[in-house]
Amino acid sequence: MDTATALGRETEIYNDYVKEWKAAGGKVVGYSCVATPVEIVEAAGLLPYRIKALGNAETELADGEMSLFNCSFCRACLQLCLDGTYDFLDGLIETNGCDHLRAMFENWQHRKKLDAFYYLKVPHFFRDDSLAYFEEQLGELKGLLEEKFSSRVTDEALDEAIRGWETVRERWRDLSALREQDRPAVSGSEALALEVKGSSMLSRDFAALLQRFMEERKGAPGARPAARLMLCGPASDEVEWFEEIERLGAVVVADALCFGARAFSRSVPEEGPPLRRLAETYLSSIFCPRMYKEYPRRRELILETARRARVDGVIYLYNKFCDLHGVDSVLVRRDLEEAGIPVLVLEKEYSARADIGRVKTRVQAFMERIGGAA
Amino acid sequence: MEKGFVMREGENGFERAMGILEMIYKLPDNLSEEDVEAMKNFVFPELQHTVIGLLELPADRELELFFFRLLLGVFKEAQRAQEEGKKLVFIPFTFPPEIFYAFDNIFPLCTEIVGGLITNICYGQGERFWDFAMGLGLPDSLCSANTIGTMPLFMGPGIRPDAIVYNSAGSCNPNAKIHAFASDYLGIPQFVLEKPVDESARGRELYRGYMKRFIRELEEWSGSEMREERLREVLEKSYQAVRLYHEYWELKKARPCPVPNIFSMTLLVLRSQLWGRQEAVDVLQKMVDISKERLRKGEYTAGEELARIYITYIYWLFDFSGYFTWLEKQGISILGDILAIHFFPEMDFSTKESMLEGLADIAFDYPMTRQMGGESISLRWLDDVAWAAQDLGADACVFGGVHACKHTLGTAAFFRREMMKRLGLPTLMLTGDVFDKRHTPMEIFQEEVKTFVEQVVARKRAQARRKKAGPSGDAAAESG
Ligand code: SF4
Ligand code: SF4
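If you're matching them up, the sequences are chains R and B in order. Read in order, the letters of the first sequence are residues 1 to 374 in the working numbering. Read in order, the letters of the second sequence are residues 1 to 480 in the working numbering.
Calculated from the structure, these hints are not laboratory results. There may be inaccurate statements among the hints.
[Said to hold, decoys possible] Here are the computed lysine-lysine pairs in the DSSO-like style, where the Cα-Cα straight-line distance is at most 30 Å:
#1 R:K293 x B:K352
#2 R:K112 x B:K421
#3 B:K450 x B:K460
#4 R:K19 x R:K112
#5 B:K40 x R:K293
#6 B:K329 x B:K26
#7 B:K212 x R:K121
#8 B:K212 x R:K293
#9 R:K22 x R:K218
#10 B:K286 x B:K237
#11 B:K253 x B:K26
#12 B:K292 x B:K237
#13 B:K212 x B:K329
#14 B:K76 x B:K86
#15 B:K40 x B:K76
#16 B:K421 x B:K467
#17 B:K421 x R:K113
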């Protein structure tokens with residue numbers, strides 16, 4: 001199987017994998033935030049599906065519900081809810097990620113009736129009392145899935161799902177090492193494409209996909225990039241943006257994105273009750289500006305990754321009107337530049353073709369600044 | 001025309017605004033029309049809107065002069081706080097200030113009130129502070145209410161807090177982020193009271209625990225315990241104000257509304273900065289007395305009360321004259337906004353524990369925190385505004401909040417539809433900015449509201465009148 005087949009570039013929200021799952025009588029539960037423990041969904045015999053828009057920039061229907069001051073990624077997802085693309089979902093898990101996402105979920109809930117809807121209330125701090133509450137929440141989520149989908153989520157099933165996702169994370173870390181080589185054997189856009197595809201799969205199939213892909217790539221010579229870049233920011237499933245940037249001669253050798261490395265930084269411990277282990281692992285590793293009093297940890301993660309991957313510069317890319325990332329980007333830029341790492345902050349609309357040209361020009365100028373012009 | 005703009009050595013927006021405000025001590029208690037006119041001509045053009053907004057209407061004059069004198073006194077206390085060995089904390093306007101007054105050695109200053117003061121008093125208004133924020137690289141989608149209030153800290157010199165408090169983690173990103181940013185960027189300690197998005201008994205119980213921990217953290221940091229006696233004193237003051245607030249609310253129901261529009265702004269400042277102090281009680285008492293007197297005499301500013309509107313989010317606060325006074329002169333009464341909807345539980349004053357639990361309940365249901373930190377933003381927001389609008393007899397709603405409030409904007413279409421379905425109340429949708437007139441100038445606001453009232457509200461009323469008049473009136477309405 002060659003790379004293209006392994007990647008099987010996603011073009012459809014309701015893709016073949018999900019169609020087959022549904023055809024076999026399986027149920028699908030959507031979620032949007034990496035704070036959602038997919039292990040519980042999988043242990044309930046359901047397919048966890050991360051909500052994405054796959055570059056669909058249409059927002060006409062969603063614009064009637066949300067305002068133009070709302071993040072275009074959220075509007076794009078809502079559009080796919082309203083036009084029926086997401087009708088294959090049997091359940092949905094909301095989280096309080098940001099104001100826009102909450103509004104998007106509320107509109108979704110007002111417009112579509114699902115078999116199961118759960119609002120997972122993720123605390124904004126990692127403290128003892130927050131942790132206890134989050135664990136209760138996970139227990140409630142488990143109970144709801146059991147009730148609505150007539151399944152029983154045993155500790156054994158949870159352990160198995162935890163092992164499954166641990167394998168995915170280990171493989172992802174191996175993949176990251178291939179990206180970080182002097183001559184990267186995997187590009188940033190390929191990594192993102194894999195993540196996008198894997199985010200609607202069971203863990204065993206995602207792990208197998210990663211394995212196949214890496215076997216193919218292990219001995220690959222790889223070219224020395226004109227610039228080694230790192231991308232930071234929120235959820236982005238826009239593979240084409242990565243491709244455009246890499247077409248300029250750079251390689252995105254590392255990232256701290258929500259759809260990307262941030263989701264794989266965690267490791268669930270082996271000892272203890274499964275829900276407690278999940279609660280602790282997820283809550284302590286959200287690494288998103290939605291978490292408070294944790295900026296120093298975010299800065300350390302970004303700095304450490306940038307140094308390990310020997311990046312020439314960091315691009316902080318976020319969607320217009322995103323206050324969480326817009327504000328954090330100022331601190332990140334200040335601190336990275338103090339550490340000698342150049343930073344480019346870019347604000348854009350989700351998947352807007354018009355923005356790609358503007359962004360390319362600015363990336364090009366940035367590459368010249370950091371000495372990596374092709 | 002630089003006299004209001006120049007910051008003097010050691011001064012920033014806050015100090016400059018206070019320097020200008022000093023002139024109110026020189027004014028006679030019984031201001032005449034001529035005094036107001038002379039004052040208007042004395043100040044620089046932008047401050048004229050503030051002067052007229054506060055003092056033009058005779059009903060407002062006495063109260064606003066009294067209020068601003070007391071407010072200035074409290075700001076001076078804030079300025080002296082550090083010299084007197086107290087800690088100065090910046091707090092958001094989504095938080096009860098009485099918590100801090102209950103400490104012997106902590107003094108609260110509300111970020112957004114500082115922003116409002118700068119915007120309304122300094123020449124150049126809040127714009128230079130906003131532009132400075134943009135220069136730092138902050139996104140222009142932030143909330144000017146908190147951004148303008150925090151930026152003087154970055155620009156220095158002048159007042160500098162010892163700590164920053166916020167409570168909107170997860171209920172308003174711009175508010176929480178700008179406060180967190182200020183503390184991260186400037187290296188000032190932060191104290192956070194998180195509200196779980198859980199309205200069940202469990203959520204409340206958790207929040208009470210968070211509140212107690214928050215108080216403990218403040219105690220450790222400030223080195224002094226919150227004394228039970230002081231807490232009781234402050235809460236007793238707070239509840240004297242609560243009783244007056246309820247009277248004020250009842251007065252608003254009368255037709256035409258006897259409560260002047262500008263009192264809405266006054267109430268907002270009282271609640272965000274002065275609650276728990278004697279000043280809040282004294283000002284509210286006067287507001288109630290004046291309104292009662294107007295009710296008794298049947299006074300109303302315009303010839304007729306054309307419309308009673310509820311602001312579904314918050315007022316614009318950069319031009320009191322263009323907003324509150326202008327609407328009142330048009331016969332449009334403002335009944336309230338989201339920040340005017342307060343829930344005060346029965347307070348059990350018996351122990352420190354019982355009072356802290358009461359305080360936690362007040363904070364849990366604090367405006368904005370209650371709605372935007374609710375389990376469902378759209379439903380909690382709708383329920384509360386619908387209740388207030390109906391209770392006060394509104395004819396229509398105006399959404400003219402802040403373009404930064406992404407949570408309300410994200411469900412405003414739903415809100416508008418449901419408001420119509422539930423109560424038959426039309427909602428005018430406007431986007432603008434609470435402190436930045438460049439976003440949507442006041443003239444546009446006026447134009448839109450006027451057209452809305454003429455085209456929608458007045459017509460609806462006329463139809464209703466015709467219907468009441470009987471079948472012939474009805475037929476006329478239909479054929480027309
Ligand atoms: S990009 Fe920002 S605003 Fe949009 S969903 Fe992500 S965190 Fe929220
Ligand atoms: S809710 Fe709106 S007005 Fe209130 S602080 Fe947030 S952005 Fe500002």
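Hints, verified against the model:
For a cut-off of 30 Å, the pair hint linking K293 (chain R) to K352 (chain B) stands: about 29 Å separates their Cα positions. This hinted pair checks out: K112 (chain R) and K421 (chain B) have alpha carbons roughly 19 Å apart, not beyond 30 Å. Restraint check for K450 (chain B) and K460 (chain B): satisfied, since their Cα atoms lie roughly 15 Å apart, inside the 30 Å limit. As the CA atoms of K19 (chain R) and K112 (chain R) are separated by approximately 20 Å, the hinted pair is consistent with the 30 Å bound.
Under the criterion of a C-alpha separation no larger than 30 Å, the hint pairing K40 (chain B) with K293 (chain R) is inconsistent with the structure, at around 47 Å. A C-alpha spacing of about 29 Å is found between K329 (chain B) and K26 (chain B), which places the hinted pair at or below 30 Å, so the restraint holds. A C-alpha spacing of about 21 Å is found between K212 (chain B) and K121 (chain R), which places the hinted pair at or below 30 Å, so the restraint holds. Using a Cα cut-off of 30 Å, the hinted pair K212 (chain B) and K293 (chain R) holds, with the two alpha carbons roughly 19 Å apart.
For a cut-off of 30 Å, the pair hint linking K22 (chain R) to K218 (chain R) is broken: about 34 Å separates their Cα positions. Restraint check for K286 (chain B) and K237 (chain B): satisfied, since their Cα atoms lie roughly 16 Å apart, inside the 30 Å limit. The straight-line distance between the Cα atoms of K253 (chain B) and K26 (chain B) is roughly 37 Å, outside the 30 Å bound, and the hint therefore fails. With a C-alpha separation of about 22 Å, the suggested pairing of K292 (chain B) with K237 (chain B) holds against the 30 Å cut-off.
About 47 Å separates the Cα atoms of K212 (chain B) and K329 (chain B), which puts this hinted pair outside 30 Å; it is violated. Distance hint between K76 (chain B) and K86 (chain B) is fulfilled; the C-alpha atoms sit about 13 Å from each other, no more than 30 Å. Pair hint K40 (chain B) plus K76 (chain B) holds up; C-alpha atoms about 25 Å apart against a cutoff of 30 Å. Restraint check for K421 (chain B) and K467 (chain B): the C-alpha separation of about 20 Å stays at or below 30 Å, so the hint holds.
At roughly 20 Å between alpha-carbon atoms, K421 (chain B) and K113 (chain R) fall within 30 Å of each other, so this suggested pair holds.
In this structure, the hints that do not hold are numbers 5, 9, 11 and 13, in rising order.
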